[in-house]
Structures are given as C-alpha cells and as structure tokens.
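Trainee: Spelled out, the chains give:
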Amino acid sequence: MSKVDLAQFHKAFHEESLDGLDAMEQALLALDEGADDPELINVVFRAAHSIKGGAATFGFTDVAAFTHVAENLMDEVRSGRRPMEKAVVELLLRSGDTVRDMLALSMAGQPAATAESQALLAELSAMVSGGSAAPVAAKAAAPAEAIEGWDIAFRPFDYLLKTGNDPARMFRELAALGPLGVECDASKLPPLADMDASSSYLGWTLRLDAGATRAAVEGVFDWVDGDCDLTLTPRIAAPAPVAAAPAAAAPPRAVREPAANSESSSVRVGIEKIDTLINLVGELVITQSMLSQFHDGVDASQLEMLRHGLAQLGRHTRELQESVMSIRMLPISTVFNRFPRLVRDLAQKLDKKVVLDLRGETTELDKTVLEKIGDPLVHLVRNAIDHGLEVPSKRLASGKGDTGTLRMEAFHRGGSIVVEVADDGAGLNRDAIVAKAIQRGIIASGEGMSDDAVADLIFEAGFSTAAATTDLSGRGVGMDVVRRNVMDLGGTVGIRSVQGSGTTFTITLPLTLAIIDGLTAAVGEETYIVPLVSIVESVQVKPDAVRSVAGGGELFRFREHWLPIVRLFDVFGCAGRRRALDEGIVIVVEGEGTRIGLFVDELIGQQQAVVKSLEANYRRVAGISGATILADGSVALIADVTGLVRMQGRRKAA
Amino acid sequence: MAKILAVDDSASMRSMVAFTLRGAGHDVEEADNGQAALDSAGNHKFDLILADVNMPVMDGITMVREIRTRPGYSGVPILMLTTESNPEKKMEGKAAGATGWLVKPFDPDQLLATVARVLG
Chain B
1 MSKVDLAQFH KAFHEESLDG LDAMEQALLA LDEGADDPEL INVVFRAAHS IKGGAATFGF
61 TDVAAFTHVA ENLMDEVRSG RRPMEKAVVE LLLRSGDTVR DMLALSMAGQ PAATAESQAL
121 LAELSAMVSG GSAAPVAAKA AAPAEAIEGW DIAFRPFDYL LKTGNDPARM FRELAALGPL
181 GVECDASKLP PLADMDASSS YLGWTLRLDA GATRAAVEGV FDWVDGDCDL TLTPRIAAPA
241 PVAAAPAAAA PPRAVREPAA NSESSSVRVG IEKIDTLINL VGELVITQSM LSQFHDGVDA
301 SQLEMLRHGL AQLGRHTREL QESVMSIRML PISTVFNRFP RLVRDLAQKL DKKVVLDLRG
361 ETTELDKTVL EKIGDPLVHL VRNAIDHGLE VPSKRLASGK GDTGTLRMEA FHRGGSIVVE
421 VADDGAGLNR DAIVAKAIQR GIIASGEGMS DDAVADLIFE AGFSTAAATT DLSGRGVGMD
481 VVRRNVMDLG GTVGIRSVQG SGTTFTITLP LTLAIIDGLT AAVGEETYIV PLVSIVESVQ
541 VKPDAVRSVA GGGELFRFRE HWLPIVRLFD VFGCAGRRRA LDEGIVIVVE GEGTRIGLFV
601 DELIGQQQAV VKSLEANYRR VAGISGATIL ADGSVALIAD VTGLVRMQGR RKAA
Chain E
1 MAKILAVDDS ASMRSMVAFT LRGAGHDVEE ADNGQAALDS AGNHKFDLIL ADVNMPVMDG
61 ITMVREIRTR PGYSGVPILM LTTESNPEKK MEGKAAGATG WLVKPFDPDQ LLATVARVLG
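Keeping their order, the protein sequence lines are chains B and E.
Residue numbers for the first sequence follow full-length UniProt numbering, beginning at 1 and rising by one.
Residue numbers for the second sequence follow full-length UniProt numbering, beginning at 1 and rising by one.
Keep in mind that the hints were calculated from the coordinates and are not lab data.
Keep in mind that this is a model prediction, so the values were computed, not measured.
C-beta: ideal position from N, C-alpha, C; glycine also.
You may find that some hints are simply not true.
Stated by the list, open to error - Straight-line C-alpha distance at most 25 Å; calculated DSS-like pairs for lysine-lysine: (1) B/K11 to B/K367; (2) B/K11 to B/K400; (3) B/K162 to E/K89; (4) B/K162 to E/K3; (5) B/K367 to B/K162; (6) B/K400 to B/K349; (7) B/K400 to B/K372; (8) E/K45 to B/K162; (9) B/K273 to B/K367.
To be verified - Stretch by stretch, here's where chain B covers chain E in the computed footprint (C-beta under 8 Å, at least three residues): (10) 92–98; (11) 106–117.
With the hints as extra help, turn the sequences into a complete structure.
Mentor: Structure below.
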C-alpha cells in the first residue's frame, strides 16, 4: 500500500488554516457590527469545518477536537437554531486565537491541548446545546456473531445506475469477502423498444459463503442505501463470547507557552503577475534574437535598427524588473486586517468608542516590509487609542461626537509608500511633553521650539519609560523603538499634532528593500554606496572646525554639535587618496538617532542600487550591509550606517 | 490508469489527495470549488470525481447536481469527501447524484482503497 508521508502537507495546512482564521475573524467582526449576511456565517463555519477536517486528516487530534465543537456551535447558528449574539462572537473570536496557538504548537511537534484550550473547549461545549466535547465518537463494536454466510436479496431502484453505482462492481466487492453465488431476476425487463439503457431493471439473489461481519457486507451497499430494496440475512452458527473493546487512550494534555508565529517564507502570487512575467520574458527573447543579428558587426544602414533594438531591450528590462519586484509585493490589507479586532478589544477595555477607518488597503508593499511594519503600527494604534482618543464624556464636553475615529491609510507618494495613523483625539500636550523632556534631560528648555520639534521629542530614546506607560500602549517600549524599527526598513516616521483635534503619524517606507537610493562615493580605488535615507548632509570640513580628542578620535563641528569623524578607508582598510579633511568630503549620516561624519575622497553621484547579499555570497562584514554591481560591471559595497554608528560607539567606549 | 478530478477548497487536502492518487499512477486534475470543477469537466472527460461538500463559490452538492446534467457524466462515479457524518448530508448528496462518499478524516490507504472500490 501507499507510504505517503503526510508531514509534507503540514505547512500548506498551517498556512491555509491561518488564512481561514483571518477570514473567520473578519467575518465575526462584521457580524458583531450588525452585518446581516448569511455568507459571513458560512465563512466562519467553513473555516472551522476545514480546519477540523484537515487537522483530523493530518493527525492533529487536539486541534480537530477543539474545532469540532466550534463548528457545532457555528452549525447551530447557520441552521438558525441560535442567534449570532455577542457572547457567541466573543467566544468564537477567542477560539480563533486559541486555534492559532494550537496550530503553532502542533507545527512544532508539541501537544496542542493546553490548560487554556481545555478551559475554552469547556466553555464552547457548555454553549453548544446538549454539548458533548467528544470529537469523534468511537463506533460501538457490534456484538460478535458467529456467522457462516449471508443470503442477500438486492433490487436496485431504476435510477441506481445514474448515481454512478454499478451492481457488477458491488458483486466483485462481495466476492472479495468469500465465495459468491449470483442469481439474476430479469422478470421486470421491459421490451427492448421501451428500454432505457441508463435504467436498472434487474434484481439479484446472492449467496455469500463466508463469515463476513454485518458491517463488511453492509459496507458494500452503504452508498446505495435507500436506492434499492435490500435484505441481508445471516446464516448463524453457535454464539461466541463478546470481546471487550480496549479503553480509549486519554488525550494528551500539556501546558505550554504558545509558540511564536513564524514568518512564512513563501509568497502566494496572483496568476496575472506570473503571466505578465512570462510575456515579458518572451518579449526579451524576441529582442535578444533581433539584436543577435548584429553579432558580426553593424554597418551604417543598420544603425537605426540597432538603436531601436537597444531601446526595446532597455524598456523590456525595466518592465521585467518591475514585474519581478511586484511578485514580492502584497497588499497592505494583510497587515491592516488584524486591526479591527485590536481596535475593538482595546476600545472595549478602555470604555472608549472608536470607529476604525481603513483606507488604501490594496496598496502593495514588499513582503519583508509588510512583515516588519506590523509591530510599529500596532504600537501607534495602541498609543492612539490609549493616549490620543478621549473617553466619550470628555469628547462630548469638548464639543465632539462621543465616538472617536482612527484612520489608517496607505498610499503611494513619489517612490515611497506612506502609511498614516491618524486619530481625532486630544492631540499632543505641548507643555506636558516639554516638561517631561526637561525632566528626562533631553532638552534644557522648550523655549523657541516649534510645535513640530516638540512633537518630535516623543521619538527620543529615554522619553518614554516603563514607569510612565500604562499596561496598554506602554509595555516598556517607547516611540523611539517604533522609529528605529521603521528606520531599519529604510523608512521615516513623522508626527503632526493639533492640540484638541488630533494626532497623525506618517510612516514613509521604501517600495522595496531590494533596491535602495544611494549616494556613490569614492575612497581610493573603491566605490561605496551610502543609503540616501541615512544622509543628513554632505559638507567640506575646514581644519579649524576639527578637534582631536583623547584616544586619537577626531570631532568636527556640525551646526551646534560636535560629531565624530569616521574615515572609511580606516574602517575598511583600503587606501584613500585624500587624507587631509579639507581635501575630501564628509557625509553626515544618522543611524539610531546618532550622527557621525563619514570621510570619503569624493562624491560621484546618486543612483539606484540593486542590493545583493554579501552574507549569502561571501560572509558578513561589519559596517557593510550588502553589495551592488555598478554600470561598468564593478562591485560597490553598501555602507551599513547603523553598523558604522555602533562601531564608532564601541570605539569611543573602548 | 484513471483520470481523476479532485475538488476541495483546502489546498492541503487537495494536494494530499492528488499526491496519493498520482503515486498510485492516476492522472489527477485539481479544482478548488464546484464551479472550477464544472469548468474542468467541460474540458476533460474524467473517470472519477472526488469532491468536498463545503466549498465557497459552489458547494459540492450543487456541483454534483450540475455535473449529472452534462453529457457523458450521467454514470461517472462521483465520491463526496465529507466530514458530515450526519445522514441528511449524505442523503442530500445522493439525491443530487453522488455515487458514494469518503468520510474525513481518511488516510492515503483508505483513499486508495475507496478509489479502487469504485473503479472496480
């Protein structure tokens, strides 16, 4: 028989189950808001149903047992025996979370039944009318009879053949159980002219000379039950004792932390994207063959054709690049989707009324960016609901509606994606921020600071501390972490706040991490690329603006600050042509909120660079985030500004 | 070997069925809902169809009802892959023209045994 390893389908099962749970959650939230659409109920039912079926098939019995009861509950709703009331939504939302955890445990090869899941299962079972938590009732063993054989009378109804069932096939099955005698009754056969070839007119009397169980014989006819007259008569010998059925094993129990959701490494791509790609490659092949005729040289009459061919090649290559990049792009709805639930739960907990307004959900982002932007967004949303939006009484007192609005919007701007999180709450309190920043030693005084500059203070490391945060938005993590996470993605965060009418956070992200905009700089024979997003300014440093410090470091004056100078040729051990600071140029860069000056020979220009992993092709190098290939075919290294800042920090500390 | 259409909205289930049957030498096409199955049945002649019951777009029972009206499909075996052990669902499937059913969960061996049973 087959030796199919079911483990190969586990990942697909996990992914589709997570999709199903997401769909279920969205449907539940829509139902919770009073949507009246039977399809929503079906979506929830189908999710539970599919997960149960898959879990049972692939051997995740704990998950199957749990989802079985959730499915029963949904079946009651679906069939109209139970209204879709708040308590049901609540319980099913929690069930979805639990199933997510259980699946993660199952994938990690651990028992999925935890104390929480058992408790919730009990709640679910209690809600399901006449609820029994037993997922699959073991079939009661029929009392053993000492059967010598069977007499079977079988007459199919006339339509039996139309169900795809074939008596001859059933007889073969019976014959497999033991010696079979067949007698045909053709008395009902009509005259040939009246005969319908797809109708059944025959009846049979069968004699099976084998001690097969009733279940085995009935099994042959189980599909035609109700489509035929069937009598089974056993020929019985002396009775035999009944064997006791073995006791069912108790389900495994374990209490464990839910396993962390792993970021899935596969991408589902719309077929139209693949088609575009195939088309473009086809075009490229045509262009290539057109150009290959110039292999042996070009005469003047063909110049126009060559130029045309090259232009076409350029266009197709660009389109191909865009098309390939788009494969990694997914709609931001995959991240936005989790917010209705979060907002609902938070608002409930804080007794606030909040409407979530999601816009631009189809805006596409690089998969890597998407996976990493979720946490910063969650933080901003928690903040907005916790600190930004007021409780209904306060809103009414300040002349607003009692329900606050939280808008999350994604859109394209230039070559970037912008994601905004905006609330119509109280806005930032300038005085409170200034006071706190002074208390934390971030600024000396707020005098003369613009509102924007004050708002920016909340991103400073050390502004938010665990002591100052509530259990909701705080978690000991400040806005500086949000900013750092976004900067790690090559993006920026901005804030606009109007006291009394709300706060808007604006996250600007690169379209992709695979291509960066960079400034190319020469150091000796080498070319380095500095990501544009980290660059503050490039300056020529006058020798009199430089101070040497103990330990051999140099500082230069940039605006009101003294910044350390990092000579790239020192760091990377290559020979720079310019050693005097006023001969070369200093690029002021910022990483993790710290500024340093990178000294290079000269700036070459600005260009887009396709990032190639150095780690994958060579090994990790401190201060370098990757490499790229320049137009002339040579390799340029991409400076890792954050890494360089850290290296500088360590050097200073040493 | 037989040409078989596997219809299920769950990709893992579908690939398990397809993988198992291909391993037994069958030629397997896949469809992720009843409507897709109907489209596929319009383009190929299948010897056997295995279909899930609960699917979006078009459920398995509607699919069976539709497919029985197609020329060449009046007697083709159709098995419902179902977790519905309740008799009404089976009866509904049968009334629509399903040949029989295979109750989930099933393992690859059970699947092959049932397919062998129906293909004779």
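Trainee: Evaluate each hint against the coordinates.
Mentor: Comparing the hints with the structure gives:
1. B/K11 to B/K367: Given that 25 Å is the threshold and the Cα spacing comes to 19 Å, the pair holds.
2. B/K11 to B/K400: violated, 49 Å
3. B/K162 to E/K89: Answer holds: B/K162 to E/K89 is near 19 Å, not above 25 Å.
4. B/K162 to E/K3: holds, 19 Å
5. B/K367 to B/K162: violated, 50 Å
6. B/K400 to B/K349: Holds - the C-alpha atoms of B/K349 and B/K400 are around 21 Å apart, at most 25 Å.
7. B/K400 to B/K372: With Cα atoms ~35 Å apart, B/K400 and B/K372 exceed 25 Å; violated.
8. E/K45 to B/K162: Within the cut-off at roughly 17 Å; holds.
9. B/K273 to B/K367: holds, 15 Å
10. 92–98: Result for this restraint: holds, n = 3.
11. 106–117: Since 6 is at least three, the answer is holds.
The structure shown violates the earlier hints numbered 2, 5, 7.
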